[in-house]
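Trainee: Protein chains in written order, with my numbering: chain A, 25 to 348; chain B, 25 to 348; chain C, 36 to 311; chain D, 36 to 311.
Derived by calculation from the structure, the hints in this document are not laboratory data.
Incorrect hints may have been included.
The list that follows gives simulated cross-link-like pairs (lysine-lysine, DSBU-like), each with its CA atoms no further than 35 Å apart [said to hold, decoys possible]:
{"no.": "1", "chain 1": "D", "residue 1": "Lys276", "chain 2": "A", "residue 2": "Lys124"}
{"no.": "2", "chain 1": "C", "residue 1": "Lys238", "chain 2": "C", "residue 2": "Lys304"}
{"no.": "3", "chain 1": "A", "residue 1": "Lys124", "chain 2": "D", "residue 2": "Lys279"}
{"no.": "4", "chain 1": "C", "residue 1": "Lys134", "chain 2": "B", "residue 2": "Lys87"}
{"no.": "5", "chain 1": "C", "residue 1": "Lys280", "chain 2": "B", "residue 2": "Lys237"}
{"no.": "6", "chain 1": "B", "residue 1": "Lys48", "chain 2": "B", "residue 2": "Lys317"}
{"no.": "7", "chain 1": "B", "residue 1": "Lys48", "chain 2": "C", "residue 2": "Lys280"}
{"no.": "8", "chain 1": "D", "residue 1": "Lys304", "chain 2": "D", "residue 2": "Lys250"}
{"no.": "9", "chain 1": "D", "residue 1": "Lys276", "chain 2": "D", "residue 2": "Lys220"}
{"no.": "10", "chain 1": "D", "residue 1": "Lys276", "chain 2": "D", "residue 2": "Lys167"}
{"no.": "11", "chain 1": "C", "residue 1": "Lys280", "chain 2": "B", "residue 2": "Lys84"}
{"no.": "12", "chain 1": "D", "residue 1": "Lys279", "chain 2": "D", "residue 2": "Lys211"}
Among chain A residues calculated to face chain B with C-beta under 10 Å, some are [said to hold, decoys possible]:
{"no.": "13", "residue": "Pro98"}
{"no.": "14", "residue": "Pro121"}
{"no.": "15", "residue": "Ile235"}
{"no.": "16", "residue": "Ile246"}
{"no.": "17", "residue": "Ile257"}
{"no.": "18", "residue": "Ile289"}
{"no.": "19", "residue": "Ser329"}
Ideal Cβ positions, reconstructed from N, Cα and C, are used throughout, including at glycine.
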Amino acid sequence: MGKTIETDVKMVDLSTNIGGVVIKNPVMTASGTFGYGEEMSPYIDLSTFGAIIVKGISLKPRKGNPAPRIVETPSGLINAIGLQNVGLDAFVDEKLPLLKDCGSPVIVNIFGETIDEYCLLAEKLGHVDGIAGIELNISCPNVKKGGMEFGRQPEDAYRLVRAVKHSAKLPIITKLSPNVGDIREMASSVEEAGSDAVSLINTITAMSIDIEKRRPRLFNVIGGLSGPAIRPIAVRMVWEAAGAVDIPVIGIGGIMTYEDAIEFIIAGACAVQIGTANFIDPTIGLKVLKGIKTYLKSHSIQRLSDIIGCIRGQIYTLHKNSNL
Amino acid sequence: MGKTIETDVKMVDLSTNIGGVVIKNPVMTASGTFGYGEEMSPYIDLSTFGAIIVKGISLKPRKGNPAPRIVETPSGLINAIGLQNVGLDAFVDEKLPLLKDCGSPVIVNIFGETIDEYCLLAEKLGHVDGIAGIELNISCPNVKKGGMEFGRQPEDAYRLVRAVKHSAKLPIITKLSPNVGDIREMASSVEEAGSDAVSLINTITAMSIDIEKRRPRLFNVIGGLSGPAIRPIAVRMVWEAAGAVDIPVIGIGGIMTYEDAIEFIIAGACAVQIGTANFIDPTIGLKVLKGIKTYLKSHSIQRLSDIIGCIRGQIYTLHKNSNL
Amino acid sequence: MKQVIGKVLYNSEISQSYFKMGIACSDVASSILPGQFFMLRAWSDTEYDPLLNRPFGVYRVIGEEEGVEILYRVVGRGTRIMSQLRHRDFVGLIGPLGKGFPIYEYGDSVAMISGGVGIAPFYFFTQWIRNKKSYNLPITLYHGGSGMDDMVCIEDFEALGVEIKSSTEDGSVGFKGYVTDNLRKDLEKKNIMPSFMLACGPKAMLKEVALMALKDDIPCFVSIDSVMGCGIGTCLGCVVKTRKKDKSKADTEFEYTRVCMEGPVFDVKDILWEKL
Amino acid sequence: MKQVIGKVLYNSEISQSYFKMGIACSDVASSILPGQFFMLRAWSDTEYDPLLNRPFGVYRVIGEEEGVEILYRVVGRGTRIMSQLRHRDFVGLIGPLGKGFPIYEYGDSVAMISGGVGIAPFYFFTQWIRNKKSYNLPITLYHGGSGMDDMVCIEDFEALGVEIKSSTEDGSVGFKGYVTDNLRKDLEKKNIMPSFMLACGPKAMLKEVALMALKDDIPCFVSIDSVMGCGIGTCLGCVVKTRKKDKSKADTEFEYTRVCMEGPVFDVKDILWEKL
Ligand SMILES: Cc1cc2nc3c(=O)[nH]c(=O)nc-3n(C[C@H](O)[C@H](O)[C@H](O)COP(=O)(O)OP(=O)(O)OC[C@H]3O[C@@H](n4cnc5c(N)ncnc54)[C@H](O)[C@@H]3O)c2cc1C
Ligand SMILES: Cc1cc2nc3c(=O)[nH]c(=O)nc-3n(C[C@H](O)[C@H](O)[C@H](O)COP(=O)(O)OP(=O)(O)OC[C@H]3O[C@@H](n4cnc5c(N)ncnc54)[C@H](O)[C@@H]3O)c2cc1C
Ligand SMILES: Cc1cc2nc3c(=O)[nH]c(=O)nc-3n(C[C@H](O)[C@H](O)[C@H](O)COP(=O)(O)O)c2cc1C
Ligand SMILES: Cc1cc2nc3c(=O)[nH]c(=O)nc-3n(C[C@H](O)[C@H](O)[C@H](O)COP(=O)(O)O)c2cc1C
Ligand code: FES
Ligand code: FES
């Protein structure tokens with residue numbers, strides 16, 4: 025008995041290929057919630073992860089928004105950090121050295137204000153050693169389109185991804201904005217544009233007001249909602265997106281436990297990213313990973329891929345057999 | 025001193041005119057969370073409210089969806105009741121009599137599967153005594169459009185509202201779906217179509233999976249998320265909608281306390297609806313109303329209307345004076 | 036039904052993950068009928084995770100109607116929070132809610148069938164029947180569980196002169212197998228033929244009991260467990276499929292009926308078991 | 036810095052809405068420097084409302100480095116939940132975090148300025164300075180609040196030979212007015228001119244103290260309060276405006292610096308007070 029279980033343990037296969045990035049397990053860090061890795065290394069072994077996705081990087085350093093930048097809401101957090109970051113050069117010179125030997129592939133989340141900026145970033149990163157892939161944050165205001173996000177209209181996203189794909193040698197994961205009418209359309213259009221994978225969801229735009237001061241709680245007025253509050257919305261969107269595209273889907277949004285991660289996987293995600301939960305428990309990544317392993321073992325599932333999107337067929341049967 | 029305060033108390037003016045429906049205070053019940061009033065009357069005086077909005081009514085009775093119909097999520101609730109209701113005739117014969125003399129104006133929430141159904145409902149209700157207005161639930165699958173919601177595309181919503189407005193003598197409040205790319209567009213298009221007011225938000229589509237059974241937790245797979253989890257999203261949408269239209273905006277979404285109600289009012293709502301909170305505390309409506317009164321008094325605000333949308337001008341000043 | 040604040044008198048683990056909590060709530064304790072329930076909130080009403088109140092039956096009324104005792108099992112987050120409450124903590128209560136067991140002449144003998152914490156409503160029911168009846172109506176309790184830990188409160192029932200037929204899936208106590216198998220065995224032997232059956236437990240168990248009752252034509256009532264959004268009839272979240280009241284349609288058509296208002300106790304004849 | 040589970044030893048209200056909580060946490064208690072803080076979670080990590088951990092300084096280390104004592108004030112939901120904890124309850128702790136007060140020769144005399152619960156970090160600091168210094172460095176505590184209830188822990192400081200200058204806005208204790216007015220009065224009289232000033236309290240108070248210190252050229256450090264998302268440097272939610280380190284740009288340009296990592300104690304020279 026003991027032996028059989030031992031064998032099972034070893035046989036659980038957690039690896040996946042995300043559009044060219046081979047990951048040893050499906051647990052990734054979400055951009056902007058794990059710093060550049062160095063902040064987290066006192067708490068968690070950086071080699072734990074399937075991939076580490078770093079804070080969004082722009083060509084030039086960015087100051088970010090004035091405070092208040094964050095506000096807590098029921099089971100959620102609104103942030104308007106304003107994409108503060110050290111910029112590409114400092115990232116490569118100062119931050120990457122620690123990361124590139126950390127034992128987990130590094131995926132760089134990038135953003136720009138114009139398509140050219142994105143392309144230049146992607147191209148430059150292509151020449152840097154130790155980067156496994158790029159995650160395109162398309163929830164950014166497009167200055168050329170009057171501040172409208174790239175990620176709001178399928179055509180805009182298509183154009184951006186297409187251009188970046190031409191400039192980049194690295195695998196591209198497009199990170200979708202949930203602030204759209206139909207996530208399937210968005211996912212399909214970036215797939216068509218050549219994206220190697222999609223990740224979703226980014227934060228949902230939200231607002232909170234201090235009724236004593238009668239002022240928005242965030243300096244920036246509007247920010248992005250993350251955390252467990254948004255999980256049911258994120259799971260639905262992952263379910264929809266996974267049904268619409270053939271490229272790998274990475275699930276993000278309110279993952280706090282391994283159960284939540286499995287939920288996204290069953291909905292169709294090949295991997296997950298943990299965001300806000302890192303703020304509450306910096307060792308959460310390891311806990312989620314261990315939990316996934318235990319779940320698979322105790323349910324005698326040998327490959328993670330056996331349960332990715334596994335409810336899809338089932339549902340039609342379920343509904344056919346009932347008469348509402 | 026004591027006297028001045030007394031005078032202030034009496035002078036607080038809470039009344040508003042919502043597109044022709046005069047309401048004595050801004051606290052309404054949200055459709056589907058207050059039954060037909062009778063269920064709540066053991067707990068709360070039905071005359072408490074600015075208006076009572078009843079469970080959505082269709083022409084014919086509807087069975088609704090099989091169970092499970094609800095699932096709890098962090099600070100939220102997903103429901104897929106499937107619009108179970110007694111139908112127009114039974115509503116008018118059996119439910120309305122109690123309601124129409126309850127001391128609060130009754131607004132009937134309606135939905136159909138085709139524009140004709142909506143129009144017929146609106147027309148019939150126009151001949152019934154004791155109804156102050158109609159709330160159009162446009163988050164319903166349009167059978168003629170392959171099940172796509174009426175409330176997803178501005179043009180569809182426009183057409184629906186325009187048609188109903190022609191059939192109805194009653195004031196029309198259009199209840200907007202949050203599952204859209206741009207709520208401002210939706211609000212503007214129903215305003216243009218003649219809607220007397222808008223209410224928002226309806227529930228956000230969401231999903232939850234039972235990882236042990238590997239099955240969706242709701243029979244219907246997807247349901248609508250409500251409760252405090254969605255409040256920051258709802259406040260943002262009310263803020264956006266109120267900036268886009270001139271008709272009254274009614275705020276809905278996760279209101280649990282008077283503070284939450286005031287938050288919506290400051291964001292631009294003339295009135296609010298309380299939904300999920302009724303499930304947790306059936307006397308919540310009264311508490312919210314009392315809280316609003318106390319807030320206004322203690323801040324020496326004489327008319328509710330003085331704070332509706334009051335942060336709008338301020339924000340530009342705020343931002344102008346800072347250099348990011 | 037009222038909304039009140041109750042004060043925890045005691046809260047102790049009586050068996051692995053089973054607890055008894057005494058709650059002072061004199062405003063409502065006197066009006067409870069057996070089989071009714073309360074919506075309970077064991078945490079602040081300004082913390083929204085968990086969001087919803089939870090339904091609980093009444094194990095018994097305590098201290099001259101000063102309060103209620105709840106028998107509960109820790110199964111998830113809400114009950115875990117409950118289990119951490121201590122003397123003098125407060126809980127929110129709405130109730131008593133629903134329709135309880137029917138107020139009947141219960142004939143010659145009653146069989147109560149319970150699975151796990153489904154035993155909870157039967158103690159109060161037994162007390163009530165013992166008080167109403169001058170003669171000593173024989174009552175049998177078929178109580179089942181997965182193991183020893185589920186065999187809770189047996190002494191309480193024995194003290195009221197209830198015959199106990201225990202069963203456990205692991206065979207550690209009483210009959211080895213499901214409670215419904217234990218019942219079936221007796222019904223088939225015809226050495227027992229209760230004039231009434233009452234059941235409370237998981238839906239699969241209730242269904243088996245119902246089918247036996249319908250087959251043998253024994254009047255039977257079951258208390259149905261359902262996920263509740265409100266407990267007071269407004270959310271329509273708690274429904275079960277019942278036959279149309281209109282007799283001519285009762286066999287083919289159904290409707291969704293609220294467990295919290297029209298139940299939680301239903302006549303097995305009214306439920307569409309095949310579609311449950 | 037570590038992530039540990041602490042056990043509540045005691046938790047008592049010492050003044051209206053002020054509490055002292057003792058927490059056993061021997062794994063981390065020995066490594067704390069004055070002015071550092073912990074992220075604390077007073078509720079289960081599977082309940083997400085409230086969602087975030089809360090930052091708290093250390094009032095003192097207790098029981099031969101077996102634990103810490105926190106002085107806190109109930110201001111919102113998180114601190115209300117904290118106030119309900121009892122002996123043997125558990126709390127989550129991450130820390131010690133941030134940079135504490137600088138480890139300096141503090142010269143001839145130190146003035147500590149605190150508003151309300153801002154007094155919290157100074158007791159541990161005073162203990163530490165009393166231990167380091169063989170001579171008896173004069174320390175003055177300017178402590179202000181709105182009324183009598185805010186005058187907490189004064190005896191503790193007196194026992195360490197600290198001179199107390201109290202002020203209340205309602206005049207019920209000490210000087211009537213703001214703590215900064217009380218300080219200004221002394222500084223202007225020049226009968227007191229501390230070689231170092233340290234301050235902790237609301238931002239408006241810190242700013243006034245900073246401006247006085249800069250004017251009189253007194254070295255001054257302030258512990259800045261900020262809403263924290265993580266406390267460990269990853270969310271970038273806690274920032275304040277600081278001068279660019281590059282000297283040539285220090286007067287005109289600024290950057291956003293994390294209070295949790297680079298603070299919470301800052302040299303007043305580094306903060307852009309006009310833009311706070
Ligand atoms: C009328 C009525 C009376 C009840 N009386 C008692 C009683 O006396 N003692 C007692 O221990 N329990 C009783 N229950 C069940 C009790 O309400 C649930 O155990 C409780 O709500 C679970 O809350 P939780 O937060 O701990 O579990 P959750 O975290 O909400 O869920 C844990 C697991 O339990 C399941 N679950 C949750 N609620 C229910 C439910 N209502 N029915 C079935 N499965 C559920 C979930 O699907 C999940 O798998 C009663 C239920 C009803 C409807
Ligand atoms: C480094 C550091 C050390 C601290 N040490 C102590 C201490 O020793 N004792 C103590 O009592 N408090 C201390 N605080 C403040 C403490 O963290 C807050 O009072 C606490 O987080 C409030 O939580 P809450 O849930 O009760 O309030 P919430 O419900 O979150 O908020 C209530 C009100 O307080 C305001 N608020 C919340 N958090 C902060 C904050 N961090 N700064 C300013 N305003 C805030 C909110 O805007 C709101 O108006 C410290 C803060 C920091 C940054
Ligand atoms: C403080 C903060 C900063 C973030 N910064 C970025 C960023 O730079 N780039 C990006 O693509 N997403 C960013 N995100 C979004 C997260 O990566 C993630 O998509 C989102 O928070 C939802 O996941 P969660 O609920 O697990 O946090 C940020 C989120 C937070 C909370
Ligand atoms: C159980 C349930 C049933 C609902 N039924 C309806 C309905 O029939 N018609 C409608 O327009 N909205 C319906 N709603 C949406 C609410 O009216 C409201 O818009 C939404 O719940 C958000 O508000 P809340 O967060 O305060 O609940 C329902 C919501 C719930 C939770
Ligand atoms: S639980 Fe809400 S209607 Fe029954
Ligand atoms: S609190 Fe998160 S970076 Fe400082």
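Trainee: Against each hint, give a clear statement of whether it holds in the structure.
Mentor: Now for the hints, and whether the structure bears them out:
The hinted pair formed by Lys276(D) and Lys124(A) meets the criterion: a straight-line CA distance of about 31 Å does not exceed 35 Å. The suggested pairing of Lys238(C) with Lys304(C) holds, with an alpha-carbon distance near 15 Å, which does not exceed 35 Å. Of the pairs offered as hints, the one joining Lys124(A) and Lys279(D) holds, with about 29 Å between alpha carbons and a cut-off of 35 Å not exceeded. For the suggested pair Lys134(C) and Lys87(B), the alpha carbons sit about 22 Å apart, so the restraint of at most 35 Å is met.
The hinted pair formed by Lys280(C) and Lys237(B) meets the criterion: a straight-line CA distance of about 34 Å does not exceed 35 Å. As the CA atoms of Lys48(B) and Lys317(B) are separated by approximately 12 Å, the hinted pair is consistent with the 35 Å bound. For the proposed pair Lys48(B) and Lys280(C), the alpha carbon gap of about 41 Å is over 35 Å, so the pair is violated. This hinted pair checks out: Lys304(D) and Lys250(D) have alpha carbons roughly 11 Å apart, not beyond 35 Å.
Simply put, Lys276(D) and Lys220(D) have alpha-carbon atoms about 29 Å apart, close enough for the 35 Å limit, and the pair holds. Using a Cα cut-off of 35 Å, the hinted pair Lys276(D) and Lys167(D) holds, with the two alpha carbons roughly 33 Å apart. Only pairs whose Cα atoms come within 35 Å are accepted, and Lys280(C) paired with Lys84(B) is accepted, the gap being roughly 18 Å. Among the hinted pairs, Lys279(D) with Lys211(D) is inconsistent with the structure: their alpha-carbon atoms are about 39 Å apart, more than 35 Å.
Checking Pro98(A) against chain B by beta carbon gives a least distance of about 4 Å; that is within 10 Å, so the hint holds. Interface restraint check: Pro121(A) against chain B, minimum CB-CB distance 31 Å, threshold 10 Å, status violated. Given hint, Ile235(A) at the interface with chain B, holds; its Cβ is 5 Å from that chain's nearest Cβ, closer than 10 Å. Look at Ile246(A): its Cβ gets to within about 6 Å of chain B, closer than 10 Å, so that hint holds up.
Proximity of Ile257(A) to chain B holds as hinted, the smallest CB-CB distance being about 5 Å (cut-off 10 Å). Because the beta carbon of Ile289(A) sits about 9 Å from the nearest beta carbon in chain B, less than 10 Å, this interface hint is met. Hint status for Ser329(A): violated, given a least beta-carbon distance of 14 Å to chain B, over 10 Å.
Comparing the model with each numbered hint stated earlier shows that hints 7, 12, 14 and 19 do not hold.
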